[in-house]
Amino acid sequence: ETGVTQSPTHLIKTRGQQVTLRCSSQSGHNTVSWYQQALGQGPQFIFQYYREEENGRGNFPPRFSGLQFPNYSSELNVNALELDDSALYLCASSFWGESYEQYFGPGTRLTVT
Amino acid sequence: GQNIDQPTEMTATEGAIVQINCTYQTSGFNGLFWYQQHAGEAPTFLSYNVLDGLEEKGRFSSFLSRSKGYSYLLLKELQMKDSASYLCAVRAPGAGSYQLTFGKGTKLSVIP
Numbered sequence: 001e002t003g004v005t006q007s008p009t010h011l012i013k014t015r016g017q018q019v020t021l022r023c024s025s026q027s028g029h030n031t032v033s034w035y036q037q038a039l040g041q042g043p044q045f046i047f048q049y050y051r052e053e054e055n056g057r058g059n060f061p062p063r064f065s066g067l068q069f070p071n072y073s074s075e076l077n078v079n080a081l082e083l084d085d086s087a088l089y090l091c092a093s094s095f096w097g098e099s100y101e102q103y104f105g106p107g108t109r110l111t112v113t
Numbered sequence: 114g115q116n117i118d119q120p121t122e123m124t125a126t127e128g129a130i131v132q133i134n135c136t137y138q139t140s141g142f143n144g145l146f147w148y149q150q151h152a153g154e155a156p157t158f159l160s161y162n163v164l165d166g167l168e169e170k171g172r173f174s175s176f177l178s179r180s181k182g183y184s185y186l187l188l189k190e191l192q193m194k195d196s197a198s199y200l201c202a203v204r205a206p207g208a209g210s211y212q213l214t215f216g217k218g219t220k221l222s223v224i225p
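Read top to bottom, the protein sequences are chains A and B. Residue 7 in this note's numbering is what sits at position 7 of the first sequence, and the numbering runs on without skipping anything. Count along the second sequence from 1, add 113, and you get the number used in this note's numbering.
Hints were generated in silico from the structure; no laboratory data involved. Every residue, glycine too, gets a C-beta built ideally from N, C-alpha and C. Be aware that a few hints might be false.
Among chain A residues calculated to face chain B with C-beta under 10 Å, some are [unchecked claim]:
{"hint": "1", "residue": "V4"}
{"hint": "2", "residue": "S7"}
{"hint": "3", "residue": "P8"}
{"hint": "4", "residue": "Q41"}
{"hint": "5", "residue": "F60"}
{"hint": "6", "residue": "S86"}
{"hint": "7", "residue": "A87"}
{"hint": "8", "residue": "L90"}
{"hint": "9", "residue": "Y103"}
{"hint": "10", "residue": "F104"}
Produce the complete structure using the sequences and hints provided.
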């Protein structure tokens, strides 16, 4: 059973640019959630995807968008990057309705300069 | 609104017992989680409480009182490897919802 994987591990972007982060869910999981964790803070929920549709969203602007693919992998896209977007981006996968557990990936560290 | 409070830092001695408290005020409740997070790593699941009472799992126990909006994580027989941040998180209501609201985390330092 493979765990949650994310790519890339680290990324440096310039303010105003766009970025795409990727997540492969754990084998057998069909739901993906994305979180942003700023330094010294707890993770903040961005959105959740199930059956390739967004079905829950936190307090993040529309420039944060996502996709889920038929194989349940997912992407997080952030447009018009701002300095405050610098954070660890975590992806978590779970199986809809069957279990309360969700498993986090190792994260992508994004630095915006 | 959503508000989850936990102490910022705690220090305890190897072999001792430590209790990390968490209070919450949220617009909905569908369970409370505790996660452990080592620096630079992903959070790892420790416990889940949805009903009042104590859940024990090895050296870790978690308690929930829904009427008081209160939970604690109890770590026994502390080991150096327990030095990490401990995150309290409340799950939003709704079938299939995995939306968690996290506290800022409690950084635990275990000293010899």
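Verification of the hints:
1. Of the supplied interface hints, the one on A:V4 holds, with its beta-carbon coming within about 8 Å of a beta-carbon of chain B, less than 10 Å.
2. At about 14 Å, the closest approach between the beta carbon of A:S7 and any beta carbon in chain B exceeds 10 Å, and the interface hint on this residue is violated.
3. Because the closest C-beta pair between A:P8 and chain B is about 15 Å apart, greater than 10 Å, the hint is violated.
4. A distance limit of 10 Å between C-beta atoms decides the matter here; for A:Q41 the minimum to chain B is near 5 Å, and the interface restraint holds.
5. Annotation: A:F60 was flagged as interfacial toward chain B, and the flag is violated, the nearest CB pair being 12 Å apart, outside 10 Å.
6. Checking A:S86 against chain B: minimum C-beta separation of about 15 Å lies over 10 Å; hint violated.
7. Residue-level restraint check for A:A87 is violated (minimum Cβ-Cβ distance to chain B is 13 Å; threshold 10 Å).
8. Taking 10 Å as the C-beta cut-off, the interface hint given for A:L90 holds, the closest approach to chain B being about 6 Å.
9. Proximity of A:Y103 to chain B holds as hinted, the smallest CB-CB distance being about 7 Å (cut-off 10 Å).
10. With 10 Å as the threshold, the beta carbon of A:F104 comes within range of chain B, its nearest partner Cβ sitting at about 4 Å, so the hint holds.
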